[in-house]
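Which chain is which? The protein sequence lines are A and B, in order.
The opening residue of the first sequence carries number 199 in the working numbering; numbering runs sequentially from there.
The opening residue of the second sequence carries number 63 in the working numbering; numbering runs sequentially from there.
Rather than coming from a laboratory, the hints here were simulated on the basis of the structure.
You may find that some hints are simply not true.
To be verified - With a Cα cut of at most 20 Å, we get these calculated SDA-like pairs of lysine to any residue:
(1) A:Lys381 to B:Asn147
(2) A:Lys345 to A:Lys449
(3) A:Lys449 to B:Lys452
(4) A:Lys314 to B:Asn147
(5) B:Lys389 to B:Ala132
(6) A:Lys383 to B:Val341
(7) B:Lys452 to B:Phe373
What the hints assert, rightly or not - Pulled from the structure, derived: some chain B residues nowhere near chain A, Cβ distances all over 12 Å:
(8) His90
(9) Gly211
(10) Ile316
Note that this is a predicted model, so its numbers are computed, not measured.
Idealized CB from N, CA, C, for every residue including glycine.
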Amino acid sequence: MIKSKFKFVFFTFLLFVIIKPVQSAEMVDPIKVNWSFKGLTGTFDRAALQRGFQVYKEVCASCHSMQYLSYRNLGEPGGPEFSQEEVKAIAASFEISDGPDSQGEMFTRPGRPSDKFKSPYPNIQAATAANGGAYPPDMSVLVKARKGGANYIYSVLVGYEDPPQGVNLDDGVYYNKYMIGNKIKMPNNLIDGLVEYSDGTESTVDQMAKDVTTFLAWAAEPELEERHKIGVKVIIYLLLLTILVYLSMKKIWSRIDTEV
Amino acid sequence: MSEHQYVPKSKAGKWFNDRLPLLTLGAHLTDYPTPKNLNYWWTFGGILTFCLITQIVTGIVLAMHYVAHADLAFASVEHIMRDVNYGWLIRYIHSNGASMFFLAVYIHIFRSLFYGSYKSPREVIWIIGLMIYLLMMAAAFMGYVLPWGQMSFWGATVITNLFSAIPLVGDSITTWLWGAYSVDNPTLNRFFSLHYLIPFLILGLVVLHIWALHVPGNNNPVGIDIKKPSKDTVPFHPYITIKDAFALLVFMIIFAGFVFFTPNVLGHSDNYIPANPLVTPAHIVPEWYLLPFYAILRSVPDKLGGVILMFSAIFILFVLPWLDTSKVRSAVFRPIYRQFFWILVIDVLMLGYVGAMPAEGIYLVLARVGTIYYFLHFIVVMPVVGYLEKTDPIPMSISEPVLTGGAEPSLARKVNDKV
């Protein structure tokens, strides 16, 4: 009796939840990509992460900061897994401001793996002023900060179109099919062959968009692979323990006449 | 506890127990006679204790790494997620733990509503439980502010602004709460302090909640008073402990599913954008467990009216034991009230749903209908149905009709089907 009612209530609620996406159709649904990091055992594609980092470094990083990541993260397990030498070389290729020294002066030095990613602008105001009044958001947790996550970021990257008839755009504003409100101040920076991948992969717009989105997904959730791995173990452990406890319970309750 | 004449076996135990009868308490908790027909809806008390302990333990660790400052809070959370060993695990357990806590408490409350556990002689247990629930909401709200993301900031702004609806002194109270002229660093600081305090207040109330429970003993699905101890009861240990452990493990599997495989699904993506007082999010929504009250708040066109109605929606529950006029506790034997109970469940779920939607068009209509029913249920349905309803016959004891079946077979079947 209670069970059947409970089911009814549960499915009524489920119905509510299902109707929801249909009715909030202000924006175009992002393209669904079958990412390797989806699912219970999803992992990142190492090569895609390394390529994605290259796209980030050569294209995105000129405007977007990534202030919560350190260069050492690039060599850590579950990430792009560059070798220690490569990480040191990447870090050293940036001039990092440090100090004050014993004379009270600020100075610059080559980056170290322990340094945070160097930001392109000293502060948000400078970044905003240099980009036509639109702050290029920090990309550390961007994938987690957007509804639709990786699919949304990828869709925006490949979603540039000529504006439809009757839509007038101001200078420095571009039309994007997937962006909320369809107007975006970031120009379409990806063109075929823009970066030269060292692994020989052809750098089409779609390839670069997928690679950099994979990189951003890792940047937002560097713990993802470890999380999935531990998660599977935890669930298996709990399931086994649950079965044991269930059998113990049946045994204990068999001493009396009531079912559990 | 007086029924126990417990004497510790060891000399040291006796010496200690004469000075502080902790061992007597332990023996009481072990032997505590519990109705043997409790179903799985009764396992949520143990689950909730687990939730509280989990939140306190993970919270204490998080507080070791978190920085309660408007300029540093967001970065310190990212520091926990990236640099603290298993910081991501601790934080995801804590953030999803809040949701699991509320999931369990709602089941616990609705179980009480269905089986009449709030009725005499358990009114005080019910009221203490509601105080715990109120504190839980306060703790959860303040905890959500701590990461200092967009939803943190704007959620805090919306909720604290409610107090400005109070006539005459409203604005002064709001400023006093903020410690500034808007939600700002002083607000974050005090919210952190209170967020750390409240769980221990809850812990104290939980002790009282259980103490008050152990005076009359557990209600049960049949809802009748039982003799204790008798053949209707089992000792708490091992019968109830093992059953609670089983239910808790099932609960933990669901919990782990959220933590490890979809840790952000219950949160809002905007909270990964650092707080910005100059940019308002398109939709400001609270966490899912507060949505029904948010819907009630927004269903009233007048701000003060909305605030009063929202608080009334909670405070009306405090007088529930006296609004319910039925002499029968369990809805199993209340054919009419049972229907209304499920309507209330659907009503609250619907309010939660429209609370997440923009307050316009059909959603506003649904929110208003839902709000009206919510109050009608408690003010009209409960007293009137309790008074007029013809209840089903109630068994004399838990064992008799089920076991012997001799006295009245039809009744025995009924109990079996429904419980």
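Ascending list of hint numbers which this structure does not respect: 1, 2, 3, 5, 7, 9 and 10
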